[in-house]
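Each protein sequence line maps, in turn, to chains P and E.
For the first sequence, my numbering gives the first residue as 1, with consecutive numbering after it.
For the second sequence, my numbering gives the first residue as 1, with consecutive numbering after it.
It should be emphasised that the hints constitute simulated quantities derived from the structure, not laboratory data.
Every residue, glycine too, gets a C-beta built ideally from N, C-alpha and C.
Fair warning: there could be bad hints in the mix.
In silico negatives: residues of chain E with every beta carbon more than 10 Å from chain P [claimed, not checked]: (1) Ala15; (2) Arg17; (3) Pro71; (4) Val72; (5) Asp93; (6) Ala99; (7) Arg107; (8) Leu112; (9) Pro119; (10) His122; (11) Pro131.
Computed list of chain P residues with no C-beta within reach of chain E, every gap over 10 Å [what the hints assert, rightly or not]: (12) Arg254; (13) Pro261; (14) Val265.
Here are a few chain E residues that face chain P, going by a calculated C-beta distance under 10 Å [claimed, not checked]: (15) Glu33; (16) Pro34; (17) Thr36; (18) Pro39; (19) Arg40; (20) Gly47; (21) Asn50; (22) Val56; (23) Ala129.
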Amino acid sequence: MTGAASAHLPLFLAEAREHLAGLERALLALESRPSDPSALADAFRHAHTFKGMAAAVGMRGLAAQAHEAESLLARARLRPPDRDEVAALLRQRDALADALEQAAASGADPARPRSATVRIETSRLDGLLDAASGLVATKGRLVEALRRAGAGGEEAARRFDRLASEVYEGILEARLLPLSLVYDRFPRMVRELGGDQGKDVELVVEGGEVRADRRLVEALADPLLHLLRNALDHGVEPPRERIAAGKPRVGRIRVRARREPGRLVVEVSDDGRGIDAARVARRAIEAGLLDKARAASVSVEEACAVLARGGVSTAERVTATSGRGVGLDAARAWVEEVGGSLALSSLPGAGTSVRLFLPLEVALLRALVVRAGGARYALPVAQVAVTLDLAGARDGAGGLRAACEAPGGPVPLVSLAKHLGGAGGDETLALVVETPAGRVALGVSEVLGNEEVVIKPLDARFVRDPAFAGAAFLGDGRVALLLAPGAWMMPTAAQADASAAPS
Amino acid sequence: MTAEAPGAVVLVHVAGRPFALPVASVGEVLRGEPVTAVPRAAPPVAGLANHRWRIVTVLDPRMWLGLPQVPVPEEACIVVLASESPPVGLLVDDADALAPAVPIPGRRDAVLVEGTEVPLLHVTTTLRAGPTRPFEAGGAP
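This is chain E alone, in the form it adopts within the complex:
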């Protein structure tokens, strides 16, 4: 599978807006896992959670995506990224099961999911704290 044409994506919502994560970049989705806040931590750190008895650092992608800081819903999910070690998770409102994605010719920044254009999030730069956006595409739609 190439980055241009992910056959399947995990559809997530952040601040109420849909985004697609290539299935290859998703390790696992944690539901109902409590997040312990880290006082004084810089954004985008949302806190720490237990992922099979490893500490996963949970990041809130809203700053990177230029989205408003609306409250995160109670039933928020953590998408543990497949490639990061130590593990890193993205805090999202919810995450759907796999959805088939149809590439849009000439576009890397979005795919069609059930006929609707959805911004695609490729984690392209090394994750670190700060405003540097680690995603290749996917501004607010």
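This is chain P alone, in the form it adopts within the complex:
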């Protein structure tokens, strides 16, 4: 290669890789729709462009290889290719990819960015994000001081407030990557694994445009591969079985992603045979996870819950046919590490779906900061319906009554400090919180303020408590736990008994 050409190498490599990825997509499309002219045209375009680019940078060997691929494709123009012919084309593509990477390894830096983008080390971006979290946490106090200072301070305060949020959100935004980066590997894998097992599977991916923090996206590939493999191995039936069951011959696996407030939901579903509740029950009994007496009466929902909790695979590994449990356990371990959760649902004969709920770097959250039992906690403002004065909610002995009047009817009343294992007793206010288990009034000592906070995940190795959704930095730089509205807030059985007993 000449010196002038090698200067263009990084750009060439980046574009060449894109064309090879495009060629792969087009070939897979061609396989499922052999007479689709647009798939063939796409394949041609990518192969042809690749050839031209390789020639332009003086890589004659690569260009010649690409030319062969083009010739093979030309035959497909005459008649639709069969599976073997597409497989041959895919092998050609792989050979091109290998040759390209070899050229990259022997040539200049292959990772040079394309024009108009700057590559930033992830660790730097991490550091910027942390610093911006501090900016957001500190701004509340600063803005308050500026407002009080008067003399134009108010205008400056407003501007600073907005700027701090913009800086934080801008950095978050810069860290986002599309899920399509992960999805790109799937079609090929599903095709190959399906082929090995004599299963025909169509993969449908949705939500490739959904973006999430790079840390999450980069780590998502492995757990999704486990779930895809599960769907292929244990979900989708062999063609004969499908036809006998009156289903389409070709199975369908769907990967779907969507953003919900504060979380990313990724779902892997198949239209296969579904979960066999009796089989799961047997294994769960073997693994000591389920009482023997329950074996006959386990519903599909219960079986799914057992699988989602994990540990069922242990009994099965002995037989060497790895069960659904192994892949699920691997996926769950990862999900829990990032602070998320996993749910399973199934319809016998119709399919199985596994949903991953993954926490997102939440942009910014309005939180009420309260004091209870001497500690401060944050609670999302959106989940607090109303704040009540507890002056009239004490019983004769000075303790809190079991319920208090709130707009919309009486609500069970609990002491937040006591619920968290502390002393309590100095509650003056109650926050009526909407939880999935119903409304509850949380007694607290004081409401300290309403702050915009950055939520940080807790280290799941050490803190796993459904009471806490994360931690936040408050204006003074200290850490406060963020309360997660949930069933844990409801009165315990003992409290309910005590309130039922005559005093």
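Assemble the complex: chain P is given as a structure, and chain E must be docked to it using the hints.
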């Protein structure tokens, strides 16, 4: 530097007793950083602190070291470990500046600091909650 012969150590005290941490395992020492307790958390979790606007989980190593639960002094320090992500800190009574350490032939569990034998703490297993001691050496001296 090998684990057997750390050239320098950070000398810390836990429940009044000295321990040496290889300098390579120490990221930073935080002084005067308030620790927010986590209700209902299992030992060894002492709480959460702010480390450059990252949450550092602060662990109390006394359970692991078999030391009594005497009160932690007001001016306690947090030794942020170099290798853990998300960050983890050890709650210690105090932490000195770097001290030169002299290896003791045939011993991995202690070094000589200014002529005195001090147990050496190597973080060897992945940190997690529970009684599993993550240190290779360093029982109560």
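Status of each hint after checking the structure:
1. Ala15: For Ala15/E, whose nearest Cβ neighbour in chain P is about 21 Å away, the distance exceeds 10 Å, so it holds.
2. Arg17: holds, 24 Å
3. Pro71: holds, 17 Å
4. Val72: holds, 17 Å
5. Asp93: holds, 21 Å
6. Ala99: holds, 30 Å
7. Arg107: holds, 31 Å
8. Leu112: holds, 34 Å
9. Pro119: For Pro119/E, whose nearest Cβ neighbour in chain P is about 24 Å away, the distance exceeds 10 Å, so it holds.
10. His122: The claim holds: His122/E sits with its nearest Cβ about 19 Å from chain P, beyond 10 Å.
11. Pro131: Label holds. Min Cβ-Cβ 13 Å, cutoff 10 Å.
12. Arg254: holds, 33 Å
13. Pro261: holds, 22 Å
14. Val265: It holds; Val265/P is separated from chain E by about 23 Å at its closest Cβ, greater than 10 Å.
15. Glu33: Result: holds, 9 Å to nearest chain P Cβ.
16. Pro34: holds, 5 Å
17. Thr36: This hint holds: Thr36/E lies near chain P, its Cβ roughly 4 Å from the closest one there, short of 10 Å.
18. Pro39: Constraint on Pro39/E satisfied, holds at 4 Å.
19. Arg40: holds, 5 Å
20. Gly47: Gly47/E check passes; min Cβ-Cβ to chain P is 8 Å, inside 10 Å.
21. Asn50: holds, 5 Å
22. Val56: It holds, given that the least Cβ distance between Val56/E and chain P is near 9 Å, below 10 Å.
23. Ala129: This hint holds: Ala129/E lies near chain P, its Cβ roughly 5 Å from the closest one there, short of 10 Å.
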